[in-house]
Amino acid sequence: MDGPEHVSERLVSLLNTGDIDAVLALYEDDAVFADLGGSVRGLEAIGEAHREFFESGYVLSLNHPAVFESGDIALVHWSWTVTRPDGSPIEGVSAEVLRRQPDGQWKYVIDNSDGAAVIGSGTHP
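Convert by adding 6 to the 1-based position in the sequence shown; the result is the number in my numbering.
Simulated from the structure, these hints should not be mistaken for laboratory data.
Incorrect hints may appear among the rest.
Unchecked claim - Derived EDC-like pairs: lysine to aspartate or glutamate, alpha-carbon spacing no greater than 20 Å straight-line:
hint	residue 1	residue 2
1	113	50
2	113	78
3	113	61
4	113	8
5	113	75
6	113	27
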């Protein structure tokens with residue numbers, strides 16, 4: 007089975023092609039997604055957040071992961087780069103909590119795409 011960091015790699019591939027239904031299969035039903043714009047819970051709201059990102063024309067790429075596993079829970083941090091349609095970059099770091107499912111696959115429980123940056127942003131769960 008793939009490790010938890012591979013879920014993020016798959017998410018990027020699917021997000022950059024606009025396959026939102028396949029993106030949502032990477033999340034638990036009651037997962038939380040957070041970014042500097044706020045946080046949302048549940049697949050419908052998460053799908054809308056990802057749809058908005060895709061429609062913006064931004065392209066996401068992952069740089070370097072740090073993975074910490076304890077049993078069926080994992081904390082994954084990524085450094086990432088988003089390229090805007092004009093070619094200018096945005097960089098950041100994520101903080102993701104994933105849970106191993108009974109079938110061995112990993113799914114997001116919490117996907118904080120902006121990591122510690124949300125602390126001063128007023129974003130709350």
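Now the hints, each set against the structure:
no.: 1; hint: 113 - 50; verdict: holds, 16 Å
no.: 2; hint: 113 - 78; verdict: holds, 10 Å
no.: 3; hint: 113 - 61; verdict: violated, 24 Å
no.: 4; hint: 113 - 8; verdict: holds, 12 Å
no.: 5; hint: 113 - 75; verdict: holds, 13 Å
no.: 6; hint: 113 - 27; verdict: holds, 14 Å
When held up to the earlier numbered hints, the structure conflicts with hint 3 and nothing else.
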